[in-house]
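Those protein sequences? They're chains A and B, same order as listed.
Last residue of the first sequence? That's 320 in the numbering used here, and every number before it is there in order.
Last residue of the second sequence? That's 320 in the numbering used here, and every number before it is there in order.
Just so you know, the hints here were simulated from the structure itself, not pulled from any lab data.
One should not assume that every hint holds.
No copy labels: a pair is met if it fits in one copy or bridges any two.
Below, simulated DSS-like cross-link-like pairs (lysine-lysine); rule was C-alpha separation at most 25 angstroms, straight line [stated by the list, open to error]: (1) K197 - K268; (2) K280 - K181; (3) K181 - K266; (4) K193 - K280; (5) K320 - K266; (6) K316 - K280; (7) K280 - K320; (8) K320 - K193; (9) K294 - K316; (10) K241 - K193; (11) K200 - K280; (12) K268 - K195; (13) K294 - K200.
2 protein chains.
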Amino acid sequence: MPNAKFSVHAESENPTKVKIKSGKFTMIVDEPANLGGTDDGASPVEYVLAALAGCLNVVGNMVAKEMGFEIRSLSFDVEGEMNPAGFMGKAKDVRPGYQEIVAKVNVDSDADEETLNKWLEVIESRCPVSDNLSNATPLKIRLK
Amino acid sequence: MPNAKFSVHAESENPTKVKIKSGKFTMIVDEPANLGGTDDGASPVEYVLAALAGCLNVVGNMVAKEMGFEIRSLSFDVEGEMNPAGFMGKAKDVRPGYQEIVAKVNVDSDADEETLNKWLEVIESRCPVSDNLSNATPLKIRLK
Numbered sequence: 177m178p179n180a181k182f183s184v185h186a187e188s189e190n191p192t193k194v195k196i197k198s199g200k201f202t203m204i205v206d207e208p209a210n211l212g213g214t215d216d217g218a219s220p221v222e223y224v225l226a227a228l229a230g231c232l233n234v235v236g237n238m239v240a241k242e243m244g245f246e247i248r249s250l251s252f253d254v255e256g257e258m259n260p261a262g263f264m265g266k267a268k269d270v271r272p273g274y275q276e277i278v279a280k281v282n283v284d285s286d287a288d289e290e291t292l293n294k295w296l297e298v299i300e301s302r303c304p305v306s307d308n309l310s311n312a313t314p315l316k317i318r319l320k
Numbered sequence: 177m178p179n180a181k182f183s184v185h186a187e188s189e190n191p192t193k194v195k196i197k198s199g200k201f202t203m204i205v206d207e208p209a210n211l212g213g214t215d216d217g218a219s220p221v222e223y224v225l226a227a228l229a230g231c232l233n234v235v236g237n238m239v240a241k242e243m244g245f246e247i248r249s250l251s252f253d254v255e256g257e258m259n260p261a262g263f264m265g266k267a268k269d270v271r272p273g274y275q276e277i278v279a280k281v282n283v284d285s286d287a288d289e290e291t292l293n294k295w296l297e298v299i300e301s302r303c304p305v306s307d308n309l310s311n312a313t314p315l316k317i318r319l320k
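Given the sequences, and given the hints that come with them, work out the whole structure.
Okay, structure coming up:
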């Protein structure tokens with residue numbers, strides 16, 4: 177199977193805000209006013225949680241279909257904590273990103289709890305976003 | 177410095193689409209029609225790239241200020257490749273997520289190239305999103 181390529185283009189509008197084009201869609205990433213931002217969009221680290229929730233939905237529905245049970249409703253609460261000292265450069269021994277991410281899955285279905293726990297395991301092993309977060313992903317940042 | 181907590185709530189609207197609430201902001205994550213989606217928003221893996229671009233902008237501007245140079249304009253092209261066989265469960269030896277993520281930084285500034293390369297190094301070491309992608313992040317996915 178050939179690789180699929182994804183890309184976005186982001187223009188900085190001010191020190192906290194970018195306008196992002198991804199195909200026909202526009203996304204605004206910003207910071208809240210209390211962090212010095214212009215508060216025109218969710219923050220970068222909230223976009224990470226949104227990406228994970230979106231991925232869990234897609235893979236969750238796909239895997240439920242494979243496993244042969246019906247999902248009547250599905251929602252997610254995703255949260256994470258980080259210590260700002262890391263990205264502010266005030267502590268070298270603190271990682272700048274989330275220390276842990278927790279996704280709580282609220283599902284109404286015709287499956288029993290054992291089946292649902294198996295379902296979660298399969299989702300976690302196949303969701304691209306959970307893979308990129310829970311395992312190291314090579315990242316190259318360079319001048320254009 | 178105390179930890180900062182971030183969270184989102186996501187409601188599944190159909191097998192590919194979620195509506196996400198993050199404070200006062202709403203984000204729609206979906207899949208394109210050619211992947212069986214309803215094409216109402218960027219895809220989960222594009223949200224990952226958007227998160228990274230947004231983070232590079234915030235940290236890039238912060239670090240430039242610390243280093244004492246001026247950014248006149250800044251944009252990013254962020255891309256990644258993955259093999260769909262992974263998340264489709266058709267190949268066990270293929271990771272489901274991005275195999276690599278490349279961020280090209282287009283900056284117009286009054287700094288020389290050596291300074292800009294140092295700038296990129298500092299950004300990469302302090303950006304929360306690049307940390308969570310390039311290093312393993314503990315992830316807990318559980319039933320609510």
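Evaluated hints:
In this assembly of identical chains, the alpha carbons of K197 and K268 never lie at most 25 angstroms apart, being 34 angstroms within a copy and 33 angstroms across copies at closest. Taking the shortest alpha-carbon separations for K280 and K181, only the inter-copy value of 15 angstroms comes in at or below 25 angstroms, while the best intra-copy value is 30 angstroms. For the homomeric pair K181 and K266, the shortest alpha-carbon distance between copies (18 angstroms) is at most 25 angstroms, but the shortest distance inside one copy (37 angstroms) is not. In this assembly of identical chains, the alpha carbons of K193 and K280 lie at most 25 angstroms apart only when taken from different copies (18 angstroms versus 29 angstroms within one copy).
In the homo-oligomer, the alpha carbons of K320 and K266 never lie at most 25 angstroms apart, since the shortest distance is 29 angstroms inside one protomer and 36 angstroms across protomers. Taking the closest pair of Cα atoms, K316 and K280 come within 25 angstroms of each other only across two copies (8 angstroms); inside a single copy the shortest separation is 32 angstroms, beyond that limit. Taking the shortest Cα distances, K280 and K320 sit within 25 angstroms of each other only across copies (5 angstroms), while inside one copy they are farther apart (39 angstroms). For a Cα distance limit of 25 angstroms, the shortest separation of K320 from K193 inside one copy, 20 angstroms, qualifies, whereas the shortest one across copies, 34 angstroms, does not.
Taking the shortest Cα distances, K294 and K316 sit within 25 angstroms of each other only across copies (14 angstroms), while inside one copy they are farther apart (35 angstroms). Taking identical chains as interchangeable, the C-alpha atoms of K241 and K193 lie at most 25 angstroms apart only when they sit on different chains, with a minimum of 16 angstroms there against 39 angstroms within one chain. In this homomeric assembly, K200 and K280 come within 25 angstroms of each other (Cα to Cα) only across copies, at 21 angstroms, whereas the closest approach inside a single copy is 31 angstroms. For the homomeric pair K268 and K195, neither the shortest alpha-carbon distance inside one copy (31 angstroms) nor that between copies (37 angstroms) is at most 25 angstroms.
Proximity of K294 to K200 under the C-alpha cut-off of 25 angstroms is found in neither arrangement, the shortest distances being 36 angstroms within a copy and 34 angstroms between copies.
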